[in-house]
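From just these sequences and the hints, can you work out the full model?
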Amino acid sequence: GQQLNQSPQSMFIQEGEDVSMNCTSSSIFNTWLWYKQDPGEGPVLLIALYKAGELTSNGRLTAQFGITRKDSFLNISASIPSDVGIYFCAGHGTQGGSEKLVFGKGTKLTVNP
Amino acid sequence: GAGVSQTPSNKVTEKGKYVELRCDPISGHTALYWYRQSLGQGPEFLIYFQGTGAADDSGLPNDRFFAVRPEGSVSTLKIQRTERGDSAVYLCASSLLRQSTSLGGDEQFFGPGTRLTVL
Numbered sequence: 015g016q017q018l019n020q021s022p023q024s025m026f027i028q029e030g031e032d033v034s035m036n037c038t039s040s041s042i043f044n045t046w047l048w049y050k051q052d053p054g055e056g057p058v059l060l061i062a063l064y065k066a067g068e069l070t071s072n073g074r075l076t077a078q079f080g081i082t083r084k085d086s087f088l089n090i091s092a093s094i095p096s097d098v099g100i101y102f103c104a105g106h107g108t109q110g111g112s113e114k115l116v117f118g119k120g121t122k123l124t125v126n127p
Numbered sequence: 121g122a123g124v125s126q127t128p129s130n131k132v133t134e135k136g137k138y139v140e141l142r143c144d145p146i147s148g149h150t151a152l153y154w155y156r157q158s159l160g161q162g163p164e165f166l167i168y169f170q171g172t173g174a175a176d177d178s179g180l181p182n183d184r185f186f187a188v189r190p191e192g193s194v195s196t197l198k199i200q201r202t203e204r205g206d207s208a209v210y211l212c213a214s215s216l217l218r219q220s221t222s223l224g225g226d227e228q229f230f231g232p233g234t235r236l237t238v239l
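Taken in order, these protein sequences are the chains called A and B. Residue numbers for the first sequence follow the working numbering, so the first one is 15 and each next one is one higher. Residue numbers for the second sequence follow the working numbering, so the first one is 121 and each next one is one higher.
Don't take each hint at face value.
To be verified - Residues from chain A that face chain B, not an exhaustive set, calculated with beta carbons under 10 Å: (1) Q17; (2) Q20; (3) L47; (4) Q51; (5) G54; (6) V58; (7) L59; (8) F102; (9) H106; (10) S112; (11) V116; (12) F117; (13) G118; (14) K119; (15) G120.
Worth flagging that the hints you see were computed from the coordinates, not collected in a lab. Backbone N, C-alpha and C define an ideal beta-carbon position, used for all residues, glycine too.
As structure tokens, this is what we get:
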């Protein structure tokens, strides 16, 4: 099935460092979303972006909706051990009107204390 | 309040058997979604319901997969003649779907998933 191109695939960083990950698509989406998934759990929404060019923050997280509506990035500042997990981008709302989400393959983040 | 719940949490079955996976959405949520997540991959859409009807079933991989939501609340995903390639985590999500998604905020809340292993 369709998936977004998400990079990097994995990251190993020291506590306190900043992190950046991004997502691209060949399709336009009306909404971009960033989720975090812990082992044995379902994805949890971190940030939702609804307008092209929008820059949104949620605590130490900042995300932007690309102006072309085909890309997005997520930044995490001053990482802490509990940031460990898999981060997924997801696109929502394409032509055709389906409510389904299209996910990237994820970025696995490891934070060394 | 209670989140999305899924049962069982784990299911081990033999190739060729029939399985049912259950999802209890958040009370009052009108939309319910099924996704499948293979190891090392993001969730992939299977089907979603608006009320009792399947609004989009384009993600179901073949006719061995079927889902129902007879009363507009609980949903069951049914897999016939299971194959080893069906092994994955099956995630359910629900949302309070408004008429116009341009309003935003129709967050999909995910359950913990059912891990299906086909031997």
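For each hint, the structure was consulted:
The closest approach between the C-beta of Q17/A and any C-beta of chain B is roughly 6 Å, which is under the 10 Å cut-off, so the hint is satisfied. The restraint placing Q20/A at the interface with chain B holds, with a minimum CB-CB distance near 8 Å, inside the 10 Å limit. The interface hint given for L47/A is met, as the beta carbon of that residue sits about 8 Å from the closest beta carbon of chain B, less than 10 Å. Annotation: interface hint on Q51/A holds; nearest CB of chain B at approximately 8 Å, less than 10 Å.
Given hint, G54/A at the interface with chain B, holds; its Cβ is 7 Å from that chain's nearest Cβ, closer than 10 Å. With a least beta-carbon distance of about 7 Å to chain B, the hint placing V58/A at the interface is held under the 10 Å criterion. The restraint placing L59/A at the interface with chain B holds, with a minimum CB-CB distance near 5 Å, inside the 10 Å limit. Annotation: F102/A was flagged as interfacial toward chain B, and the flag holds, the nearest CB pair being 5 Å apart, inside 10 Å.
A hinted interface residue such as H106/A counts as satisfied when its beta carbon comes closer than 10 Å to some beta carbon of chain B; here the least separation is about 8 Å, so the hint holds. Interface restraint check: S112/A against chain B, minimum CB-CB distance 5 Å, threshold 10 Å, status holds. Look at V116/A: its Cβ gets to within about 7 Å of chain B, closer than 10 Å, so that hint holds up. Below 10 Å, beta-carbon pairs count as interface contacts, and F117/A has one with chain B at about 3 Å; its hint therefore holds.
With 10 Å as the threshold, the beta carbon of G118/A comes within range of chain B, its nearest partner Cβ sitting at about 5 Å, so the hint holds. At its closest, the beta carbon of K119/A sits 5 Å from a beta carbon of chain B; the interface hint therefore holds under the 10 Å criterion. Hint status for G120/A relative to chain B: holds, with the closest Cβ pair at about 5 Å, below 10 Å.
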